[in-house]
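Protein chains in written order, with full-length UniProt numbering: chain B, 1 to 258; chain Y, 1 to 258.
If you're looking for bench data, these hints aren't it; they were derived computationally from the structure. Incorrect hints may appear among the rest.
Here are some chain B residues the structure puts well away from chain Y; computed CB gaps all over 12 Å [what the hints assert, rightly or not]:
#, residue
1, V6
2, L16
3, I17
4, G108
5, K111
6, K115
7, I117
8, I141
9, C159
10, Y197
11, I210
12, L233
13, I242
Derived coverage of chain Y by chain B (criterion: at least 3 residues anywhere in the stretch with Cβ under 8 Å from a Cβ of chain B; other residues may be distant) [said to hold, decoys possible]:
#, stretch
14, 141–151
15, 187–196
16, 201–207
17, 224–236
Chain B is nowhere near these chain Y residues, computed Cβ spacing over 10 Å in every case [what the hints assert, rightly or not]:
#, residue
18, F8
19, A22
20, H31
21, K111
22, S120
23, L121
24, L130
25, L133
26, K138
27, L155
28, Y176
29, S180
30, H221
31, R254
Where a beta carbon is used, it is the ideal one built from N, C-alpha and C, also for glycine.
2 protein chains.
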Amino acid sequence: MEVPAVEFPLYMMIRLIGFTVAALLVVLTFHYRGGISLYNGALLFNACPFSLSSTYDRSILIGIVIGWLLFTSLGELELHYLTVHPLWSVIGLVLLNGEAMLVYKTLGRTKNFRKLIHLSLQFLSLCSALLGLWAVLKVHIDKGSDNFYSLHSWLGLACLILFSMQWAAGFATFWYPGGSKSSRESLLPWHVFFGVYTYALSIAATVTGILKRATSLQTKHVISRYSTEALLLNILGLLIMILGGLLVLALVARNYRV
Amino acid sequence: MEVPAVEFPLYMMIRLIGFTVAALLVVLTFHYRGGISLYNGALLFNACPFSLSSTYDRSILIGIVIGWLLFTSLGELELHYLTVHPLWSVIGLVLLNGEAMLVYKTLGRTKNFRKLIHLSLQFLSLCSALLGLWAVLKVHIDKGSDNFYSLHSWLGLACLILFSMQWAAGFATFWYPGGSKSSRESLLPWHVFFGVYTYALSIAATVTGILKRATSLQTKHVISRYSTEALLLNILGLLIMILGGLLVLALVARNYRV
Numbered sequence: 001m002e003v004p005a006v007e008f009p010l011y012m013m014i015r016l017i018g019f020t021v022a023a024l025l026v027v028l029t030f031h032y033r034g035g036i037s038l039y040n041g042a043l044l045f046n047a048c049p050f051s052l053s054s055t056y057d058r059s060i061l062i063g064i065v066i067g068w069l070l071f072t073s074l075g076e077l078e079l080h081y082l083t084v085h086p087l088w089s090v091i092g093l094v095l096l097n098g099e100a101m102l103v104y105k106t107l108g109r110t111k112n113f114r115k116l117i118h119l120s121l122q123f124l125s126l127c128s129a130l131l132g133l134w135a136v137l138k139v140h141i142d143k144g145s146d147n148f149y150s151l152h153s154w155l156g157l158a159c160l161i162l163f164s165m166q167w168a169a170g171f172a173t174f175w176y177p178g179g180s181k182s183s184r185e186s187l188l189p190w191h192v193f194f195g196v197y198t199y200a201l202s203i204a205a206t207v208t209g210i211l212k213r214a215t216s217l218q219t220k221h222v223i224s225r226y227s228t229e230a231l232l233l234n235i236l237g238l239l240i241m242i243l244g245g246l247l248v249l250a251l252v253a254r255n256y257r258v
Numbered sequence: 001m002e003v004p005a006v007e008f009p010l011y012m013m014i015r016l017i018g019f020t021v022a023a024l025l026v027v028l029t030f031h032y033r034g035g036i037s038l039y040n041g042a043l044l045f046n047a048c049p050f051s052l053s054s055t056y057d058r059s060i061l062i063g064i065v066i067g068w069l070l071f072t073s074l075g076e077l078e079l080h081y082l083t084v085h086p087l088w089s090v091i092g093l094v095l096l097n098g099e100a101m102l103v104y105k106t107l108g109r110t111k112n113f114r115k116l117i118h119l120s121l122q123f124l125s126l127c128s129a130l131l132g133l134w135a136v137l138k139v140h141i142d143k144g145s146d147n148f149y150s151l152h153s154w155l156g157l158a159c160l161i162l163f164s165m166q167w168a169a170g171f172a173t174f175w176y177p178g179g180s181k182s183s184r185e186s187l188l189p190w191h192v193f194f195g196v197y198t199y200a201l202s203i204a205a206t207v208t209g210i211l212k213r214a215t216s217l218q219t220k221h222v223i224s225r226y227s228t229e230a231l232l233l234n235i236l237g238l239l240i241m242i243l244g245g246l247l248v249l250a251l252v253a254r255n256y257r258v
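Sequences and hints are given; from them, build the entire structure.
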């Protein structure tokens with residue numbers, strides 16, 4: 001297939017949009033939805049008394065951001081009902097996953113170093129996505145809501161299953177114990193293809209999730225159809241679609257390689 | 001980028017899933033939603049007295065299918081409120097669009113013949129999508145509903161705009177009046193990339209549309225969350241995601257070319 005040669009600062013645009021997506025997610029979660037719920041799993045889609053104007057709450061927030069990398073090992077502790085399904089899912093499966101795929105284009109070191117960073121980022125991405133799944137399950141179970149009835153949940157689950165299989169197969173073949181030369185050669189193209197496909201699946205899960213959230217808030221008359229929050233949600237969806245396009249472009253572009 | 005070599009009957013699977021998608025759309029529209037509305041634009045999401053068990057209605061249906069190709073030139077006539085937004089949009093932007101992209105892989109004739117089929121199918125696809133847009137606008141305006149507030153509508157509109165631009169640029173450069181050799185060479189990779197991207201956008205628009213439809217029916221208690229219709233809608237969404245993956249695989253596969 002013909003692939004384009006890119007003449008504009010692609011990585012910069014990807015990082016800029018990625019950063020904007022993360023910022024929008026934080027603004028939507030903290031400013032519009034009143035923050036993340038620390039002690040009550042039922043507050044995912046509602047306002048809770050977690051406010052950016054309080055020094056105490058801000059400190060907790062900064063603590064969460066710093067503690068994020070360590071969080072999987074912390075278990076439940078005080079943060080046991082932290083319900084940030086959209087934040088964890090999107091940051092994991094879209095943003096970190098994207099960066100992890102780009103590693104082979106952006107990092108100019110040894111092949112083993114790139115591999116290590118790739119699999120570490122993907123591991124982080126998987127943990128983040130699993131936390132995202134756990135958060136929404138926790139909320140649903142606490143509320144007594146239905147589970148896995150929506151297309152959003154089906155796509156998200158399919159994405160997570162594929163992602164886990166990809167990671168395990170990639171780890172065993174390309175890292176440890178490592179496959180034979182021929183098995184690595186035959187797996188690689190499929191690993192790349194399914195990687196990009198899983199990424200596309202994560203974007204499909206995200207846009208359906210955004211639509212679900214917006215519709216739910218609009219149906220309950222929490223926000224109106226043309227409210228700032230509704231528009232921000234739509235813009236978030238569009239930005240993620242654009243990000244996905246640019247990222248895949250960076251992966252296939254003829255001339256883009258460190 | 002590494003692309004896989006495919007060892008299974010890819011085209012057969014694509015056609016099989018494409019056919020299943022079309023059949024599911026028809027079943028969902030006619031069996032579960034009571035058919036398409038011939039005289040009342042407000043019935044898109046409701047049941048209407050159009051029944052497959054009536055010979056009269058069946059004849060109309062067959063007439064519609066046969067007349068579909070000619071429809072754009074018929075104007076409004078008796079069919080002026082035909083509201084089949086999902087049918088036209090998905091058949092146009094996903095199924096026909098997919099087949100049109102495959103032409104370069106499946107048709108073994110001359111380059112000009114492939115081009116002709118490609119641009120004709122894409123033209124049909126564009127007409128079908130425009131009819132899809134017109135149908136939903138008609139319904140919304142007749143009902144006095146809001147327009148273009150949802151992420152689904154934004155994605156659909158973005159897809160349609162990109163598709164039109166693609167088609168116009170492709171027509172002018174590769175068909176008539178035709179660009180210089182160098183302009184054709186520099187546009188081709190971008191034409192391919194944006195073609196695949198527009199296809200991905202159409203799938204994102206479709207899955208959000210399916211979620212919107214399911215949520216709307218569930219919120220109004222027309223169907224339950226685990227009803228057959230809800231499951232069929234989700235299966236339709238999953239099948240379209242799988243179809244998209246297989247189709248892009250066929251486009252990039254190393255060894256798949258007539």
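The hints, checked one at a time:
1. V6: 10 Å, violated
2. L16: 19 Å, holds
3. I17: Check passes; 15 Å lies beyond 12 Å.
4. G108: Per Cβ check, G108 (chain B) is outside 12 Å of chain Y; nearest 18 Å; holds.
5. K111: Label holds. Min Cβ-Cβ 14 Å, cutoff 12 Å.
6. K115: 15 Å, holds
7. I117: 19 Å, holds
8. I141: 16 Å, holds
9. C159: 10 Å, violated
10. Y197: 5 Å, violated
11. I210: At roughly 6 Å from the nearest Cβ of chain Y, I210 (chain B) sits no farther out than 12 Å, so the non-interface label is violated.
12. L233: 7 Å, violated
13. I242: 9 Å, violated
14. 141–151: Holds: 4 residues of the stretch 141–151 of chain Y have a Cβ under 8 Å from chain B.
15. 187–196: Holds: 5 residues of the stretch 187–196 of chain Y have a Cβ under 8 Å from chain B.
16. 201–207: This one holds; 4 residues, not fewer than the three required, reach chain B with a Cβ under 8 Å.
17. 224–236: It holds: at least three residues are needed, and the stretch 224–236 of chain Y offers 5 whose Cβ sits within less than 8 Å of chain B.
18. F8: 12 Å, holds
19. A22: 19 Å, holds
20. H31: Holds, since 19 Å exceeds 10 Å.
21. K111: 14 Å, holds
22. S120: For S120 (chain Y), whose nearest Cβ neighbour in chain B is about 21 Å away, the distance exceeds 10 Å, so it holds.
23. L121: With a cut-off of 10 Å, L121 (chain Y) remains clear of chain B, as the shortest Cβ separation is near 19 Å.
24. L130: 21 Å, holds
25. L133: 18 Å, holds
26. K138: 19 Å, holds
27. L155: 7 Å, violated
28. Y176: Consistent with the label, Y176 (chain Y) stays out of reach of chain B, its closest Cβ about 21 Å off (over 10 Å).
29. S180: 17 Å, holds
30. H221: 12 Å, holds
31. R254: Incorrect as stated: the minimum Cβ-Cβ distance to chain B is 8 Å, not above 10 Å.
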